[in-house]
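Engineer: In case you want the letters, here they are:
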Amino acid sequence: DTEVTQTPKHLVMGMTNKKSLKCEQHMGHRAMYWYKQKAKKPPELMFVYSYEKLSINESVPSRFSPECPNSSLLNLHLHALQPEDSALYLCASSQKPGGLAGGTTGELFFGEGSRLTVL
Amino acid sequence: AQTVTQSQPEMSVQEAETVTLSCTYDTSESDYYLFWYKQPPSRQMILVIRQEAYKQQNATENRFSVNFQKAAKSFSLKISDSQLGDAAMYFCAYNTDKLIFGTGTRLQVFP
Chain W
6 DTEVTQTPKH LVMGMTNKKS LKCEQHMGHR AMYWYKQKAK KPPELMFVYS
56 YEKLSINESV PSRFSPECPN SSLLNLHLHA LQPEDSALYL CASSQKPGGL
106 AGGTTGELFF GEGSRLTVL
Chain D
572 AQTVTQSQPE MSVQEAETVT LSCTYDTSES DYYLFWYKQP PSRQMILVIR
622 QEAYKQQNAT ENRFSVNFQK AAKSFSLKIS DSQLGDAAMY FCAYNTDKLI
672 FGTGTRLQVF P
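Chains W and D, in that order, are what the protein sequence lines are. Just so we're aligned: 112 in the numbering used here is position 107 of the first sequence, and the numbers increase by one with no gaps anywhere. Just so we're aligned: 671 in the numbering used here is position 100 of the second sequence, and the numbers increase by one with no gaps anywhere.
Hints are not guaranteed to be accurate.
Cross-link-like lysine-lysine pairs, in silico, BS3-like; alpha carbons within 27 Å at most [unchecked claim]:
{"#": "1", "chain 1": "W", "residue 1": "Lys45", "chain 2": "D", "residue 2": "Lys649"}
{"#": "2", "chain 1": "W", "residue 1": "Lys101", "chain 2": "D", "residue 2": "Lys626"}
{"#": "3", "chain 1": "D", "residue 1": "Lys669", "chain 2": "W", "residue 2": "Lys45"}
{"#": "4", "chain 1": "D", "residue 1": "Lys649", "chain 2": "W", "residue 2": "Lys46"}
{"#": "5", "chain 1": "W", "residue 1": "Lys101", "chain 2": "D", "residue 2": "Lys644"}
{"#": "6", "chain 1": "D", "residue 1": "Lys669", "chain 2": "W", "residue 2": "Lys27"}
{"#": "7", "chain 1": "D", "residue 1": "Lys669", "chain 2": "W", "residue 2": "Lys101"}
{"#": "8", "chain 1": "W", "residue 1": "Lys58", "chain 2": "D", "residue 2": "Lys669"}
{"#": "9", "chain 1": "W", "residue 1": "Lys45", "chain 2": "D", "residue 2": "Lys644"}
None of these hints come from the bench; they were simulated from the model. Since the structure is predicted, the reported quantities are computational estimates derived from the model, not experimental observations.
Bound conformation, chain W alone (with noise of 0.2 Å):
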């Protein structure tokens, strides 16, 4: 299993409005990360989980709130969000975090991404 699964696919919340993104991979993995892209731009990192801990916050508002439950989960936890948030929320997983320093080659596994609009 190669994947990286995300729910929902698509996500319209009002403002005022909690909501979770949902983020699943079952290749033993031990980082992972969400990154948030908007059209036609790159992905721009939000957070990286190492070992079930967060360990990379670039930042993001505290109306993001990720979480990883266990090795195999990524949560983000939406409220309160602005308009401007909207765009399309990707996970990702690689096989450990710190790229060539952790002995891998920092590879990234991406989900198919949660498009989110806030109205």
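Put chain D on the given structure of chain W with help from the hints.
Structural biologist: For chain D alone, coordinates are given in the frame of chain W:
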């Protein structure tokens, strides 16, 4: 700081022809990995090819090959015998403790 630059926002190629996408990067590291990812309209980022910096031999995956010039910090992607399904955004990426993406090149393939 590491940066990745793709100077071609858009490229086009005719089916069955060859196209080269450019990428340059900046780093002070000696060992690292470079990647080309493809993102079709279906949205999923798919790895096209990987290059290890300490290997002088250019990586090849079927119709995809790279021209890796370490001294020049250049990492271009050549697509041979282009197919309609190659149409996508292509991102060059450099790996450190996190993956750094270039700005992308949109490739159109014409029949």
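Engineer: Now, for every hint given, state plainly whether the structure supports it.
Structural biologist: Comparing the hints with the structure gives:
no. : hint                  : in the structure
1   : Lys45(W) - Lys649(D)  : holds, 22 Å
2   : Lys101(W) - Lys626(D) : holds, 22 Å
3   : Lys669(D) - Lys45(W)  : holds, 21 Å
4   : Lys649(D) - Lys46(W)  : holds, 22 Å
5   : Lys101(W) - Lys644(D) : holds, 26 Å
6   : Lys669(D) - Lys27(W)  : holds, 21 Å
7   : Lys669(D) - Lys101(W) : holds, 11 Å
8   : Lys58(W) - Lys669(D)  : holds, 15 Å
9   : Lys45(W) - Lys644(D)  : holds, 25 Å
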